[in-house]
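Visitor: Work out the full structure: start from the sequences and follow the hints.
If you read the protein sequences in the order shown, they are chains A and B. The numbering of the first sequence is our numbering, which starts it at 239 and goes up by one. The numbering of the second sequence is our numbering, which starts it at 14 and goes up by one.
None of these hints come from the bench; they were simulated from the model. Heads up, a few of these hints could be off.
As the list claims (entries may be wrong) - Mimicking EDC-like on lysine to aspartate or glutamate, the simulated pairs with C-alpha atoms at most 16 Å apart in a straight line are: (1) Lys374/A - Glu288/B; (2) Lys332/A - Glu285/B; (3) Lys273/A - Glu426/A; (4) Lys464/A - Asp439/A; (5) Lys313/A - Glu197/B; (6) Lys343/A - Glu197/B; (7) Lys332/A - Glu311/A; (8) Lys310/A - Glu245/A; (9) Lys464/A - Asp255/A; (10) Lys374/A - Glu285/B; (11) Lys464/A - Asp446/A; (12) Lys332/A - Asp188/B; (13) Lys363/A - Asp446/A; (14) Lys332/A - Glu288/B; (15) Lys363/A - Asp298/A; (16) Lys273/A - Asp298/A; (17) Lys273/A - Glu397/A; (18) Lys273/A - Glu425/A; (19) Lys313/A - Asp298/A; (20) Lys332/A - Asp298/A; (21) Lys287/B - Asp372/A; (22) Lys273/A - Glu245/A.
To be verified - Facing chain B, from chain A, some residues (calculated, C-beta under 7 Å): (23) Gly316; (24) Leu317; (25) Pro330; (26) Trp331; (27) Gly341; (28) Ala344; (29) Ser376; (30) Gly380.
Said to hold, decoys possible - If you anchor each label on the Cβ, the simulated ranges turn out as follows: (31) Asp298/A - Thr22/B: 57 to 65 Å; (32) Gln187/B - Ser379/A: 21 to 29 Å; (33) Leu283/B - Pro347/A: 21 to 29 Å; (34) Arg186/B - Lys313/A: 19 to 27 Å; (35) Glu352/A - Val138/B: 51 to 59 Å; (36) Glu352/A - Val19/B: 48 to 56 Å; (37) Pro134/B - Gly309/A: 47 to 55 Å.
Note that CB positions come from ideal geometry on N, CA and C, so glycine has one too.
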Amino acid sequence: MSKSFLEVDGLSKVYPDGQGGELTVFEDIRFALQKGEFVCIIGHSGCGKSTILNVLAGLDEASTGNVVMNGKEVKGPGLERGVVFQNYSLLPWKTALNNIIFGVKARWPSWSKEKVREHSERYLKMVGLDHAMDRKPSQLSGGMRQRVSIARAFATQPELLLLDEPFGALDALTRGVIQDELVKIWEETRQTVFMITHDVDEAILLSDRIFLMSNGPNARIAESVKVNLPHPRSRATIFQNPAHQKIRHYLVDFLVNRSGSALPEQDGSPRVVDPSTDELTPDPAPAESETKTETTARAVNA
Amino acid sequence: MASLNVRATLLSVSFLILALGMWEMATQPPAAQEAVSEYELLMGGADQESRVPPPSAVIRVAWAELSNPFYDAGANDKGIGIQLAYSVYRVLTGYLAAMAIALPLGFLIGMSPLMYKALNPYIQVLRPISPLAWMPLALFIIQDSDASAIFVIFICSIWPMLLNTAFGVANVRQDWVNVARTHELNPIKTALTVILPAAAPTILTGMRISIGIAWLVIVAAEMLVGGTGIGYYVWNEWNNLDLASVIFSILMIGVVGMLLDLALGKAQKLVEYKE
Numbered sequence: 239m240s241k242s243f244l245e246v247d248g249l250s251k252v253y254p255d256g257q258g259g260e261l262t263v264f265e266d267i268r269f270a271l272q273k274g275e276f277v278c279i280i281g282h283s284g285c286g287k288s289t290i291l292n293v294l295a296g297l298d299e300a301s302t303g304n305v306v307m308n309g310k311e312v313k314g315p316g317l318e319r320g321v322v323f324q325n326y327s328l329l330p331w332k333t334a335l336n337n338i339i340f341g342v343k344a345r346w347p348s349w350s351k352e353k354v355r356e357h358s359e360r361y362l363k364m365v366g367l368d369h370a371m372d373r374k375p376s377q378l379s380g381g382m383r384q385r386v387s388i389a390r391a392f393a394t395q396p397e398l399l400l401l402d403e404p405f406g407a408l409d410a411l412t413r414g415v416i417q418d419e420l421v422k423i424w425e426e427t428r429q430t431v432f433m434i435t436h437d438v439d440e441a442i443l444l445s446d447r448i449f450l451m452s453n454g455p456n457a458r459i460a461e462s463v464k465v466n467l468p469h470p471r472s473r474a475t476i477f478q479n480p481a482h483q484k485i486r487h488y489l490v491d492f493l494v495n496r497s498g499s500a501l502p503e504q505d506g507s508p509r510v511v512d513p514s515t516d517e518l519t520p521d522p523a524p525a526e527s528e529t530k531t532e533t534t535a536r537a538v539n540a
Numbered sequence: 014m015a016s017l018n019v020r021a022t023l024l025s026v027s028f029l030i031l032a033l034g035m036w037e038m039a040t041q042p043p044a045a046q047e048a049v050s051e052y053e054l055l056m057g058g059a060d061q062e063s064r065v066p067p068p069s070a071v072i073r074v075a076w077a078e079l080s081n082p083f084y085d086a087g088a089n090d091k092g093i094g095i096q097l098a099y100s101v102y103r104v105l106t107g108y109l110a111a112m113a114i115a116l117p118l119g120f121l122i123g124m125s126p127l128m129y130k131a132l133n134p135y136i137q138v139l140r141p142i143s144p145l146a147w148m149p150l151a152l153f154i155i156q157d158s159d160a161s162a163i164f165v166i167f168i169c170s171i172w173p174m175l176l177n178t179a180f181g182v183a184n185v186r187q188d189w190v191n192v193a194r195t196h197e198l199n200p201i202k203t204a205l206t207v208i209l210p211a212a213a214p215t216i217l218t219g220m221r222i223s224i225g226i227a228w229l230v231i232v233a234a235e236m237l238v239g240g241t242g243i244g245y246y247v248w249n250e251w252n253n254l255d256l257a258s259v260i261f262s263i264l265m266i267g268v269v270g271m272l273l274d275l276a277l278g279k280a281q282k283l284v285e286y287k288e
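Guide: Below is the structure:
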């Protein structure tokens, strides 16, 4: 075995299709993550992204294949893998702070009360919610709830952080603000993150690599796109980098035109692509000019 | 315009005055048409018919009883406070015993589909049995009338608690259970820190239904076993043909039942949460 932090080998998921047959949602999923990497996975609905994430989290079982983290096979959920769900999954009878304390206490049972509280408050402050720590989730907006959920996940300092479309239920403005916060926290902590998203811009802003999934059934991780943009990144300036345009075009083209037919390499691993060095953008000219106007408009706004 | 509360109170009070007034009017003895004979005088007036006592008579009884609720002048003459205390004691004893069984068992049934399927037929057969139907069997086996009454309370209050606990536990949102799983909580900790608070509102609803049923049943049970308690008191006053006392004790049963329900309602508020 190679020395990757996380190795996913030959994962597949088969469900009964309700008519006596079987339905293979995804098959032969292979990839590896390095320590400290931020990887997003994009694909159309129904390709099994969430199931893959749940298998990594240990909440679901794959039909075949295995996941090895730090040389140990992943079996069942564990504290070394933190999960942020799309619907926040905060415990509604606990205050924001107590939700974080819940996680911290589970992670370090031997810590004193003061230490747990101090640690939890620090992470709540990190997401800018120290003023709302005594409020219950029902008294928080969707964006604030997701911040608490993110703070809880980061506070337990897992080795691998799994984010299942964390901003999917948020409006665009709130989403942008929290993306900025996530960038900031990630630059500070350099957690290994595996995240599902539907948002191409979000994926480019956050990740080092983007996995592109072909459509289900029998979905595969077809390509692994390098996001060759310097850190630290910022939502306000990232699109000024010419590489950003190339990557964006590449991703949109894949999702619109090629996701039905794309295939990985012969050996099952995703094809590695780096659009930033690609002279030939796969997108034809008209789309290019359209995005350029968009870019100038945004630059003016900035 | 006065506030809604003030108007409602005014309306309530006027309904009360109206109802009491009509009751008082309807229960006056008719005026004698002719001179009362000596025989009639000996028999207590011209009116041979017994009738429901007027509210004024009930209020007099209430005043006398409530000004000294805890006197004890022998087996058949105890204050209303003592009688109610006996009943509340029986209800709470049977109720707490039912809780001790229903909550853990409900957890087990709620968490294990196997146990649910295995035990559900028995629950469905036992649940619709009138609690009083158990009385002869209880008297024969336990051989103690007081304990039998408590057993009847136990058996009638166990079902709503058991079913609501099982339902609440089985329907805890999978997301919250997943939170417990990803934080590696052991089963006991998961039950106590995630499932119990999540299911608590449903469990408390079952407990509130149970206390209501228990209070309904204790009156009937005490009429059967006799000796002490508010149910026995009602029946005893009926045997004494003291209808004013009967009406007064009916009202007291209502007041205590309301207080028990209020207490459980308060507890329910404590564990409620908004999603």
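Visitor: Which of the listed hints are not met by the structure?
Guide: 7, 9, 13, 15, 16, 20 and 30
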